[in-house]
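Peer 1: Here is how the chains run, residue by residue.
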Amino acid sequence: MPFWDGQSRGDVLQSIWIMIARRLGLGLVTLFVVSLLIFAAVEMLPGDIAEEILGQSATPETVAAFRRELGLDLPSYQRYLAWLGGILQGDFGTSLANGRPISDLIAGRLSNTLFLALYAAAISVPLAISLGILVSLYRNSLFDRAVNLITLSSISFPEFFVAYILIVLLSQSGYFPSLATLSPGATFAETLYRTFLPALTLTLVVTAHMMRMTRAAIINLLASPYIEMARLKGLSPGRIIVKHALPNAFAPIINVIALNLAYLITGVVVVEVVFVYPGLGQLMVDSVAKRDIPVVQAAALIFACAYVLLNLTADVLSTLSNPRLIHTR
Amino acid sequence: MTKTSNTPLLTIKDLYIEGRADETWSGIVNGVSLTLNRGEVLGLIGESGAGKSTLGLAAMGYTRDGCRISSGSVTFDGTDLVGAPGKTKRHLLGSRIAYVAQSAAASFNPAHRLIDQFTEAPVQHGTSSRDVAAKDAVDLYQRMRLPDPETIGFRYPHQVSGGQLQRAMTAMAMACRPDLIIFDEPTTALDVTTQIEVLAAIRNIVDQFQTAAIYITHDLAVVAQMADRIKVLLRGDEVEEAETAAMLASPQEDYTKSLWAVRSHARTEQPAADRAEMPVLSVQNVTAAYGPIKVLHDVSFDIHKRRTVAVVGESGSGKSTTARVITGLLPPLEGQVLFNGSALPPNYKTRSGDQLRKVQMIYQMADTALNPKQTVGQIVGRPVQFYLGLRGQALRDRVAELLNMIELEPGDFLERLPSELSGGQKQRVGIARALAAEPQMIICDEVTSALDQIVAEGILKLLDRLQGELDLAYMFITHDLATVKAIADEVVVMQSGKVIEQGQKSAMFTPPHDPYTELLLSSVPEMDPDWLTDLLKRRADDANAYSKT
Amino acid sequence: MKTKHLKLSNSRISRRSVLQGATALGGAAALSTFGAGTLRAAPKKGGTLRLAMGHGNTSDSYDPATWDNAYVQVFATARHGYLTEITAEGSLVGEVATSWEASPDAKIWTLQLRDGLTFHSGKTVTADDVIASLNYHRGDDSKSAAKPIVEPIQDMRADGPSTVVVTLANGNSDFPFILSDYHLAIMPSADGKIDPASSDGCGGYVVQSYEPGVQATLARNPNYWKSDRAHFDNVQILAILDAAARLNALVTGEVDVIDRVDVNTAHLLQRSPGVKLMTTTGTQHYTFAMDTRVEPFNDNNVRQALKYAIDRQELVDKVLNGFGEIGNDHPIGRSNRFFAADLEQHAYDPDKAKHYLKQAGLSSLDVSLSAADAAFTGAVDAGVLYSERAKAAGININVVQEPNDGYWSNVWMKKPWSAVYWGGRPTEDWMFSTAYASGAPWNDSFWENERFNKLLLEARSELDEEKRREMYYDMQSLVSNEGGVVIPMFASYVMAHSDAIATPDKVGANWTLDGFRAVERWWFA
Amino acid sequence: MASSTPVWMILIYCTIAFGCAAACAFAFRTAVIASMPGQVSKLARSMPLSASFGALIILIYVFVALFAPWIAPFGEREVVGAQYLPWGGDYLLGTDDLGRDMFTRLIYGARNTVGIAFATTLLAFLGGAILGLLAAVVGGWIDELLSRIVDILMAIPALIFALLLLTIFGTSIVNMILVIALIDSTRVFRLARSVAMNIVVMDYIEAARLRGEGLGYLVVREILPNAAAPLIAEFGLRFCFVFLSISALSFLGLGIQPPTADWGSMVRNNATLITFGDVTPLLPAGAIALLTVAVNFVVDWMLHRASGLKE
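Residue numbers (my numbering), protein chains in the order written: chain D, 1 to 329; chain S, 1 to 549; chain W, 1 to 525; chain B, 1 to 311.
Bound-form chain D, shown alone:
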């Protein structure tokens, strides 16, 4: 890395901080544009919250009254600016549909979403990486093919269908509950038990991707001279994969993990619906349907934030995992 010639390690860390700062800045721009896009998109949706809530029973007068009450008669740019002003002061505003403060509305659901994502990740990430290591160790064997076949099949089934099959197999026989509805005051173990099926569904959905990436990243390195060198040192195949290939495959693996974590946070509305798990995805879809713009905006911002932060984390971790970038001459 010629540009870092002569830099001390402190300088490297500093440059990582600079990268983080730059990316956070870009992230803010991203969030801003996302909020604009989402606002515009929801504005462009046919109908507004008044028409949606009144539905078939809407009359022009009631719709007008509804709009007046919610301030929807203001021009859209004014409403956006008002919303933006609120956000800049940390105020998410209130839901148009039920007048509740959005921060209240979202707090519980966000923690549910994060909990489920972490739960699924806690199962799927170790599983995917160990499977990836195993199949690259026994690559092109029957085991490799079988694992590939199973994981591929599991991702080629739609999520809700995977969920139904799991319910038939594990819930109808009484092992796990088919509803993940959380009752307040449940113990941690109870919560883990109740949310096992959704977590397992998500695991099946994301494991294949990470596993295949781990396998590909490792196998991609197996032709490297240093792997040959490790073989010629008489090391066992397992040690070669774990000790010599894996550390160099971290960057792509971390990236794919980040991508899947982002998915676990932002893309699980279907699983939420099937298992009646009150997460953010369901809230956002419902709010889109009702044109509840502030709620949609808040959820979109949180999702975009998760995406930006996970990507950033992945990049920082890839940098830290690469001695070439962290230990300069």
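Possibly wrong hints are sitting among the right ones.
25 Å max Cα-Cα, derived BS3-like pairs, lysine-lysine [as the list claims (entries may be wrong)]:
1. W:K44 - W:K226
2. S:K135 - D:K243
3. D:K243 - S:K89
4. B:K42 - S:K373
Treat the hints as calculated values from the structure; they're not laboratory data.
With chain D held as given, fit chains S, W and B onto it using these hints.
Peer 2: Only chains S, W and B this time, still in chain D's reference frame:
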């Protein structure tokens, strides 16, 4: 150095190795036998494709993916490595047979510190604990004359220079005090000046521990310094084998003789160009930088019609950067480049088609210089079509003419992809592509350094002939002084982005030299088996003399 | 995604308390109806009812102006009291009101309120609360979906703490029915206004927790005035929108009762041990409304052709899986008082359809039918089946799949021919004047028929039952043979519950889940 | 369900199925080697069994998709009998909820699903790959701008983005193709850009630049052919994910709806049946899974070839 015992350490008998390409197996090594005694060093020499690396790895019972041993035996100290189960082999590898690869930079795992990679084999093979091995590492680093032996092990591979890495790798190979080390072209990727140090260190340590070795290289002069015996291979067949001195003095086979002959080519130097004549290209006071780091300082030289200017220097000396300035890829900070007397726009994007056409480039790595998805006809035809606007039959005729010029049969080669060409043929296609633009000047960037000597010889001769026929001016970037001897009229020596010395070739090769030029010149290995010993002695004497005064 | 309900569409089964069950049609032959087979012992108290509903949205709220789906309606009915209640038998009884009395012209109504009735908060229910609760839906600023039904109220005043006098703009003998509408919950008032964000009511259950779109938990109101209702100690109402998840929840015993059973699998659900299927058919009907002002629907021959080109029985069998009855192109159900049973039933008859086409001077017809599942579940399938059958009559129906989102604002009454859902009305007059009278806001066929309009006015003020019956028969015939709406079917509500649940012999059919009142009417066996 | 069948029976069935698949794949490969001209035959010879199985399945799907009207016993939307007729007899796989022939629907499903998925993926690649390559070649602010736009689009959850766009523009098949293509193209862009970044540093690209070649030539003739392998591999994966996107959208009520037969929606519409152990929804789901597995087998093989590993 010549210490042999009666029980052979390694015996290879009638070994056949096949490689797979598109589902068909073809021979890589065809019935080679060899015997190696304890403490003995055998040199394996041959061009690429001779099967010397494959043979070297087979001596460890190892074949690369897509290769297999079809018959024959490899016996190491009583163990047949061909039939041995993986576990038995793994037990020997690293502990009793070690390997030193061509590119240490690629063969060290970038994710681990040197010391961890050093201690891995002893710890895994159970020969010593990590702490003991780490202490041993420092000792061996010292013996390999690595700087800061106490701490260098705690660096990552990328933090250590190529020559040092090569020595660290040799030290690593020694970690379990093996009986046999396979050296697979350990110095090929190094600059000549670095090569000397590595060669000396390797010879020293092999000597100290009485380790047997197989030394694989394509460079006769190098093998002459290292080996007790030399075996010559050609396309998987053994050509001949003899004691080093005998082999150098009187090679028996024609092929061996032709190998020896390569190094004798030299071009007659053209007289110095007329000062009054306008140079084709004039680099004037060029200073250039990558970002904030200046890499060229006030570089100036001229290239005249029908002349070849060799730009010489080690890697990092700024030779290739100069070429990038000339081609407009790197606009200079200061100075300018004149072509036929008029200044070229600094950025290639603002140069006219004609300006671009007249300066062409031939690259070092023909593999990356030719689009692997285009046929020879497309590659060579494109500049013809692009610059000269030829179409249809006229285009085909011109391409055929160009292929004839570079001595490739058009009917045979037009439709081939680069992957279906040999290294020399690829380089010829690169030349044809440059010629297709009908340039006045060609920049040749290390065009022969990736090629075997015989092939390189052919390329040089071709370039020589074309210069005569087409009145071309050449700028020849190289680090190899043999190449300079073979082709240059004038020489520009560069170091650290500065021109150290320039002048006619004859003047450059005649003392007195600039000290750096001297170092370069003296570092070129010679075919004398005692050359390395003498050189080291001479340098030590000089150093002593210097310190005494 | 979302099924819309008409406000105040209490599909009254019958004043004669006649309930017709799921008349066994097609695949529904073996269904148990009204929970037949459950124990008929006296209701037991206790237990926690877990009710899973196929509605519920995170944007739901306590605000009665916005109650638009069955979840909030059942939830509201559980916690709130109403002035009147329609019984399972279809008769009207008092709830917050004990009695009502009309002036001879049915313009002024005097309501007596129940004494000693208190809200959950302990506050006594007064005439002011009633007036404030009704006023919330009236006036210029009202955003309530119930605004049109309380609009005829000219004036309200309290006559003492437990008497309310209501003055209507025009006489309406059906006014007490209106007061049973689910929007018109009685809520505590302060300074003449109710707090729409409050859950306080005088119903059988007190809200413990509520997370919109997820679940609500309620506990029995210890002071509930009805002694023979509200049997469960606690109630949990879950929103499970996914039909399969809802089924699974019932099958795996996670919940006790579900509504909106997927009719495709209802026959399979029946076989599951410990599960009972329940269906009720009222006035809920599905229609295809044509804009009678535009070509080609302005020609009644075309309309008649389309009415004969549909195979109603097939739609009932395949779209409703037998859970419903065929319709006769008018909105009056079999259980209505003045249902014209002897009116000729329109049947699938391609020749007749061709004949009408010929009358219209056409040899073939190409029309587009807009549909979406938002109109009613299976609307697109229904369109497809319609289109398949209509081919035989030389009619090409191009079924246009419209987005569910915004269906009611962008498709209904905007596109010339669209699929529509109607929950029905308790009285003929109400139904006709809502959607068939000239100039009515929801006259979705834009139909103008002088004779019909005249009859409608006359019938409203006619006191003679027989004359009235004749008039309504005529009106049904008019709508059926000249109207702009194809009404192929009346759909049943399909629910299921576990064996552990016991229900009364008669279950209300005016709405799903025992007229929204399963929570207080059912019990654990 | 499974409980009624002993585990070892399932294992035997699996083994038999596996054996049949391998035999078919082998026969197919042998036939191709024997009947096809040099280049194809040579390619086929280097194919592992898994890849030739994949290729066979893909060919069968393409055939079925192209000739659906001739293969299918009934019309796509034709109501042929009662609902839920059992397997066998006139209706090979029985009838669906509206009394349409299930087998016919599956065949037309191949045509619609594969057709839509193909069109979508193709569009996504045309957009994503070209812009990605362009960004890599041109660099500078164009690269920065495109990358930021893609970043922003990717920061919006795909399903919700699709939901918004489809609601705005309506759920026609064309719109669905466009919307999914737009969302997928962001992923393709990132891949194409990163692949091209490795190619633009090659000497032959420098040679072409120094020749003064235009952007179009650089992208189309020099870079695209070399980026083809990873892009085609991604094509395979994206192609399969389109089914899942459609089926997730139909879960939210925005998918392709009847009467058009497509597998994603068919899974959705029949999914409830699985609760009662009815395997009907497994048919379209299995059709998707089989295609996914087949495509990925071929993709794996292509990547393996491109990686240069020879084991």
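Peer 1: Against each hint, give a clear statement of whether it holds in the structure.
Peer 2: Hint check:
{"no.": "1", "hint": "W:K44 - W:K226", "in the structure": "holds (15 Å)"}
{"no.": "2", "hint": "S:K135 - D:K243", "in the structure": "holds (22 Å)"}
{"no.": "3", "hint": "D:K243 - S:K89", "in the structure": "holds (20 Å)"}
{"no.": "4", "hint": "B:K42 - S:K373", "in the structure": "holds (18 Å)"}
The structure fails none of the hints (numbered hints given earlier).
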